[in-house]
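Taken in sequence, the protein lines are chains A and B.
Numbered by our numbering, the letters in the first sequence go through residues 18 to 233 in order.
Numbered by our numbering, the letters in the second sequence go through residues 3 to 584 in order.
Hints may contain errors.
[As the list claims (entries may be wrong)] Capping the alpha-carbon separation at 30 Å, the derived lysine-lysine pairs in BS3-like fashion look like this:
1. 580(B) x 225(A)
2. 225(A) x 39(B)
3. 175(A) x 39(B)
4. 39(B) x 158(B)
5. 155(B) x 225(A)
6. 348(B) x 128(A)
7. 410(B) x 126(A)
8. 105(A) x 55(B)
9. 166(B) x 201(A)
10. 128(A) x 457(B)
11. 126(A) x 55(B)
12. 454(B) x 105(A)
13. 35(B) x 155(B)
14. 35(B) x 55(B)
15. 126(A) x 457(B)
16. 348(B) x 225(A)
17. 105(A) x 348(B)
18. 128(A) x 55(B)
19. 39(B) x 410(B)
20. 201(A) x 457(B)
21. 528(B) x 80(A)
22. 195(B) x 201(A)
23. 225(A) x 192(B)
24. 176(A) x 454(B)
25. 35(B) x 80(A)
26. 83(A) x 248(B)
27. 55(B) x 176(A)
28. 75(A) x 166(B)
29. 175(A) x 398(B)
30. 580(B) x 291(B)
31. 457(B) x 75(A)
32. 128(A) x 580(B)
33. 93(A) x 398(B)
Since the hints were made in silico from the structure, they are not lab data.
One letter stands for each residue in the lines below.
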Amino acid sequence: MKRRDLLKNAGLTTLGLAGLSPQIKAAEWLDPAVDLAASGAEKGGKDFEQFGRTEYEKQRDAKLFKEVFFNKHEMKTIAVLVDIIIPKDERSGSATDAGVPDFIEFMAKDKPELQTPLRGGLTWLDTQASRRFGRQFIECTAAQRIEIVEDIAYPERKKNGMSQGIAFFSLMRNLTASGFWSSKIGIEDIGYQGNVANVWNGVPEEVKRQYGVEEE
Amino acid sequence: MPDFQIKTPPDTYDVIIVGSGAGGGMAAYVLAKAGAKVCLLEAGQHYDPADPKYITQMKWPWQSPRRGASTRYRPFGDFDAAYGGWDIEGEPYTTVPGTTFRWFRSRMLGGRTNHWGRISLRFGPDDFRRHSIDGLGVDWPIGYEDVAPFYDKVDKLIGVFGSKENLPNDPDSIFLAPPKPRLHELLLKKTNKRLGITTIPSRLSILTEPINDERGVCFYCSQCNRACIAYADFSSSSCLCKPASKTGNLDTLYFAMAREVLTDAKTGLCTGVSYVDTQTLEEKTVRGKIVVLAASACESARLLLNSKSPRFPEGLANSSGVIGKYLHDSTGASRSAIVPMLFDRKRYNEDGVGGLHVYSPWWLDNKKLDFPRGYHIEYWGGMGMPAYGFGWGIEKQNGMFPDRNGNKREAGGYGAALKDDYRRFYGAYIGMAGRGEAVPREDNYCEIDPEKVDKFGIPVLRFHYKWSDYERLQAKHMHQTFERIISELGAIPLSDTPGPDQDYGLNAPGEIIHEVGTVRMGKDPKSSALNGWQQAHDVKNLFVVDGAPFPSQGDKNCTWTILALSMRASEYIVQERKAGNL
Numbered sequence: 018m019k020r021r022d023l024l025k026n027a028g029l030t031t032l033g034l035a036g037l038s039p040q041i042k043a044a045e046w047l048d049p050a051v052d053l054a055a056s057g058a059e060k061g062g063k064d065f066e067q068f069g070r071t072e073y074e075k076q077r078d079a080k081l082f083k084e085v086f087f088n089k090h091e092m093k094t095i096a097v098l099v100d101i102i103i104p105k106d107e108r109s110g111s112a113t114d115a116g117v118p119d120f121i122e123f124m125a126k127d128k129p130e131l132q133t134p135l136r137g138g139l140t141w142l143d144t145q146a147s148r149r150f151g152r153q154f155i156e157c158t159a160a161q162r163i164e165i166v167e168d169i170a171y172p173e174r175k176k177n178g179m180s181q182g183i184a185f186f187s188l189m190r191n192l193t194a195s196g197f198w199s200s201k202i203g204i205e206d207i208g209y210q211g212n213v214a215n216v217w218n219g220v221p222e223e224v225k226r227q228y229g230v231e232e233e
Numbered sequence: 003m004p005d006f007q008i009k010t011p012p013d014t015y016d017v018i019i020v021g022s023g024a025g026g027g028m029a030a031y032v033l034a035k036a037g038a039k040v041c042l043l044e045a046g047q048h049y050d051p052a053d054p055k056y057i058t059q060m061k062w063p064w065q066s067p068r069r070g071a072s073t074r075y076r077p078f079g080d081f082d083a084a085y086g087g088w089d090i091e092g093e094p095y096t097t098v099p100g101t102t103f104r105w106f107r108s109r110m111l112g113g114r115t116n117h118w119g120r121i122s123l124r125f126g127p128d129d130f131r132r133h134s135i136d137g138l139g140v141d142w143p144i145g146y147e148d149v150a151p152f153y154d155k156v157d158k159l160i161g162v163f164g165s166k167e168n169l170p171n172d173p174d175s176i177f178l179a180p181p182k183p184r185l186h187e188l189l190l191k192k193t194n195k196r197l198g199i200t201t202i203p204s205r206l207s208i209l210t211e212p213i214n215d216e217r218g219v220c221f222y223c224s225q226c227n228r229a230c231i232a233y234a235d236f237s238s239s240s241c242l243c244k245p246a247s248k249t250g251n252l253d254t255l256y257f258a259m260a261r262e263v264l265t266d267a268k269t270g271l272c273t274g275v276s277y278v279d280t281q282t283l284e285e286k287t288v289r290g291k292i293v294v295l296a297a298s299a300c301e302s303a304r305l306l307l308n309s310k311s312p313r314f315p316e317g318l319a320n321s322s323g324v325i326g327k328y329l330h331d332s333t334g335a336s337r338s339a340i341v342p343m344l345f346d347r348k349r350y351n352e353d354g355v356g357g358l359h360v361y362s363p364w365w366l367d368n369k370k371l372d373f374p375r376g377y378h379i380e381y382w383g384g385m386g387m388p389a390y391g392f393g394w395g396i397e398k399q400n401g402m403f404p405d406r407n408g409n410k411r412e413a414g415g416y417g418a419a420l421k422d423d424y425r426r427f428y429g430a431y432i433g434m435a436g437r438g439e440a441v442p443r444e445d446n447y448c449e450i451d452p453e454k455v456d457k458f459g460i461p462v463l464r465f466h467y468k469w470s471d472y473e474r475l476q477a478k479h480m481h482q483t484f485e486r487i488i489s490e491l492g493a494i495p496l497s498d499t500p501g502p503d504q505d506y507g508l509n510a511p512g513e514i515i516h517e518v519g520t521v522r523m524g525k526d527p528k529s530s531a532l533n534g535w536q537q538a539h540d541v542k543n544l545f546v547v548d549g550a551p552f553p554s555q556g557d558k559n560c561t562w563t564i565l566a567l568s569m570r571a572s573e574y575i576v577q578e579r580k581a582g583n584l
């Protein structure tokens with residue numbers, strides 16, 4: 018929503034408030050904010066500074082960005098896995114299109130308690146691949162990868178010796194979902210329509226009819 | 003002659019206020035407007051939600067590298083407007099083994115009001131006389147009729163929306179128009195009507211209509227916890243401290259961590275406050291004729307207990323020995339559920355205001371129940387902005403529901419089918435949280451830890467807090483209610499019923515961040531530290547205006563009452579000064 022719409026919707030154009038009104042200041046501020054959002058900073062590692070950080074937070078985030086946790090092989094494995102979990106389809110791109118591997122790298126540094134489960138899980142995966150197919154997970158054929166994934170993607174299937182792999186895959190699934198659906202691509206796909214200045218006038222009539230609810 | 007050793011400014015202020023949250027901000031506002039020269043000490047930094055360097059509102063999740071996840075520094079998420087948290091580096095607190103208390107602090111102008119839920123409920127007549135009703139705790143030295151005129155003034159000054167309901171113990175405010183319910187809230191209203199659970203428009207201090215030229219109106223982004231660039235919600239920083247500063251009568255000292263209230267050995271009156279400059283670690287002093295504490299319930303108690311002198315060996319204003327005791331937080335228990343009828347729902351913007359549009363005030367009679375005090379229920383749900391945690395735990399949910407073609411699904415999974423599950427379930431979750439009244443107890447307290455100091459050298463608090471069966475049975479009832487609502491709605495709870503081994507799902511003490519009671523007011527100086535004007539029995543120029551003076555918490559949130567009582571105490575200070583009594 019643009020500035021004039023915010024003012025119009027807030028009924029302020031008819032109120033004749035002074036130019037220093039907080040509403041007008043807010044409206045002026047919101048335009049560039051929306052533009053910044055549209056510019057898209059979702060692909061990791063840059064343009065993160067403009068979101069109200071304290072000095073300490075700025076320093077801490079800058080430090081985390083400089084650190085590297087996963088090695089190249091691990092990052093490649095993560096990229097393959099997250100696209101198995103959330104692939105491209107007719108509606109939107111894949112997890113790697115949405116920058117999920119960089120997000121997972123950052124989270125492993127931000128929440129160190131994730132490091133061992135993730136690193137250990139990736140190694141577990143390579144050990145499985147090596148035992149079954151004599152090569153690392155990312156060197157396997159697509160069919161071979163899926164054969165392993167089938168064994169760890171369904172927590173209620175009881176498979177001997179797979180419970181640690183299942184736990185790792187659940188963590189990867191959850192991190193992938195977090196990273197994908199909170200990206201610009203994911204938010205457009207899921208259809209979230211908020212985070213804009215507007216006036217809430219209640220549930221649309223056809224939706225109220227659909228669910229048989231009424232306002233009193 | 004310049005003397006660099008002098009740290010004491012020559013001025014003696016009329017009033018020194020410690021803390022800039024709801025209580026301190028209101029005191030600063032009333033006193034500065036009345037013409038008093040006021041010094042406000044704030045332990046943290048400046049904060050103005052409309053200053054671009056602080057703004058987190060209207061940011062997208064991808065602007066945060068952690069997609070809004072919480073950190074030690076932002077426990078309520080990366081965009082939340084609270085600097086501080088449960089665990090502040092260099093500012094520890096301890097607990098007696100076998101007991102628990104979690105202490106949330108915000109180090110910034112406006113304190114915790116920058117991110118709070120804006121739930122602005124008046125206490126009702128019964129909330130001031132619980133002892134007379136159930137024999138537990140104590141009555142307040144004042145009644146609803148004493149506070150009502152100040153609630154009215156706070157309503158007009160700050161603004162609160164809601165609906166006139168004429169409920170006996172949930173008095174109406176002077177309301178702005180409430181926002182219409184969202185879909186899940188309409189469904190809850192319908193369900194709760196069948197169950198006999200009163201469910202009415204929420205009462206939040208968010209401006210749905212303009213009230214003055216200094217504040218804008220809500221533009222429905224649902225992000226009040228990030229603080230508002232248009233000042234359309236209440237926070238002490240933008241609605242009280244800022245206008246107080248404009249009078250020219252208020253000096254705000256930032257990074258000023260109060261250490262001790264200073265007194266005159268002869269008269270026993272307060273003469274000032276010594277504080278540590280948190281940036282230089284220098285000890286400084288500010289002089290004043292009246293001291294008003296509003297550092298938060300526990301911080302004000304700590305300050306008084308640390309203000310020991312030969313005349314006040316047990317801490318200032320503590321001849322009763324009650325300071326630190328009767329600490330109590332609201333109880334809390336919550337449950338969430340997935341609502342299959344909302345699968346694949348139509349998308350539209352339903353952000354609304356920050357927080358709930360409907361709630362359930364306490365609707366039952368405790369005389370017919372096995373626990374003495376009530377609770378209210380807050381609700382959430384809807385098509386919110388995805389962020390860190392979105393879709394987390396889907397492997398425990400998607401196996402419960404057949405796919406669109408009616409085929410049984412296996413829990414977990416991957417690929418296109420999984421991707422579609424997230425879309426299908428979006429906006430189909432609801433949650434509810436009970437917030438109840440605990441019974442204040444002498445043996446739930448904070449005291450000065452005999453060994454530990456914080457990084458400023460100030461002795462820290464040690465907590466001793468345990469829930470009793472009064473609270474456990476209340477939480478058990480909350481979950482029974484949640485299950486009735488969830489079942490009636492045709493929804494499926496996302497967790498099992500918590501049992502006695504988990505205190506029936508009670509949050510740990512402190513986690514609801516409504517702690518009160520540590521410097522309680524009362525008629526009898528032997529069993530209370532303050533009189534009904536929140537003036538210390540022992541020290542007439544000392545007042546406490548945060549949550550500490552509350553003899554009991556209601557089944558409400560405490561902020562609106564802190565504001566009304568702080569206004570009342572501040573107007574009393576003005577009158578007493580004019581009358582020459584202070």
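Here is what the structure says about each hint:
Annotation: proposed proximity of residue 580(B) to residue 225(A) is violated, straight-line Cα distance about 59 Å (limit 30 Å). Distance hint between residue 225(A) and residue 39(B) is unfulfilled; the C-alpha atoms sit about 56 Å from each other, more than 30 Å. Restraint check: the Cα-Cα separation between residue 175(A) and residue 39(B) comes to about 72 Å, which exceeds 30 Å; the hinted pair is violated. The straight-line distance between the Cα atoms of residue 39(B) and residue 158(B) is roughly 25 Å, inside the 30 Å bound, and the hint therefore holds.
For the proposed pair residue 155(B) and residue 225(A), the alpha carbon gap of about 38 Å is over 30 Å, so the pair is violated. Restraint check: the Cα-Cα separation between residue 348(B) and residue 128(A) comes to about 35 Å, which exceeds 30 Å; the hinted pair is violated. With a CA separation close to 39 Å, the supplied pair residue 410(B) and residue 126(A) exceeds the 30 Å bound. With a C-alpha separation of about 37 Å, the suggested pair residue 105(A) and residue 55(B) falls outside the 30 Å cut-off, and the hint is violated.
Straight-line distance between C-alpha atoms of residue 166(B) and residue 201(A) comes to about 42 Å, which puts the hinted pair past the 30 Å bound. With a C-alpha separation of about 25 Å, the suggested pair residue 128(A) and residue 457(B) falls inside the 30 Å cut-off, and the hint holds. Only pairs whose Cα atoms come within 30 Å are accepted, and residue 126(A) paired with residue 55(B) is accepted, the gap being roughly 25 Å. Distance check on the hinted pair: residue 454(B) and residue 105(A) sit about 56 Å apart at the alpha-carbon level, beyond 30 Å; violated.
Taken as a hint, the residue 35(B) and residue 155(B) pair is honoured in the structure, with Cα atoms around 15 Å apart against an allowance of 30 Å. Restraint check: the Cα-Cα separation between residue 35(B) and residue 55(B) comes to about 29 Å, which is no more than 30 Å; the hinted pair holds. Restraint check for residue 126(A) and residue 457(B): the C-alpha separation of about 27 Å stays at or below 30 Å, so the hint holds. Under the criterion of a C-alpha separation no larger than 30 Å, the hint pairing residue 348(B) with residue 225(A) is consistent with the structure, at around 11 Å.
Distance hint between residue 105(A) and residue 348(B) is fulfilled; the C-alpha atoms sit about 23 Å from each other, no more than 30 Å. For a cut-off of 30 Å, the pair hint linking residue 128(A) to residue 55(B) stands: about 25 Å separates their Cα positions. Simply put, residue 39(B) and residue 410(B) have alpha-carbon atoms about 72 Å apart, too far for the 30 Å limit, and the pair is violated. For the hint linking residue 201(A) to residue 457(B), the alpha-carbon distance of about 42 Å lies beyond 30 Å, and the restraint is violated.
Between residue 528(B) and residue 80(A) the alpha-carbon distance is near 55 Å, which puts this suggested pair outside the 30 Å criterion. Distance hint between residue 195(B) and residue 201(A) is unfulfilled; the C-alpha atoms sit about 40 Å from each other, more than 30 Å. Note on residue 225(A) and residue 192(B): the hinted pairing holds, with a Cα-Cα distance of about 12 Å set against a maximum of 30 Å. For the hint pairing residue 176(A) with residue 454(B), the CA-to-CA distance comes to about 52 Å; that exceeds 30 Å, so the pair is violated.
Pair hint residue 35(B) plus residue 80(A) does not hold up; C-alpha atoms about 46 Å apart against a cutoff of 30 Å. Restraint check for residue 83(A) and residue 248(B): not satisfied, since their Cα atoms lie roughly 43 Å apart, outside the 30 Å limit. Among the hinted pairs, residue 55(B) with residue 176(A) is inconsistent with the structure: their alpha-carbon atoms are about 53 Å apart, more than 30 Å. Simply put, residue 75(A) and residue 166(B) have alpha-carbon atoms about 46 Å apart, too far for the 30 Å limit, and the pair is violated.
Restraint check for residue 175(A) and residue 398(B): the C-alpha separation of about 15 Å stays at or below 30 Å, so the hint holds. Only pairs whose Cα atoms come within 30 Å are accepted, and residue 580(B) paired with residue 291(B) is accepted, the gap being roughly 14 Å. Restraint check for residue 457(B) and residue 75(A): satisfied, since their Cα atoms lie roughly 22 Å apart, inside the 30 Å limit. A C-alpha spacing of about 57 Å is found between residue 128(A) and residue 580(B), which places the hinted pair above 30 Å, so the restraint is violated.
A hinted pair counts as satisfied when its Cα atoms are at most 30 Å apart, and residue 93(A) with residue 398(B) qualifies at roughly 28 Å.
Violation of the numbered hints given earlier is confined to hints 1, 2, 3, 5, 6, 7, 8, 9, 12, 19, 20, 21, 22, 24, 25, 26, 27, 28 and 32; the remaining hints are satisfied by the structure.
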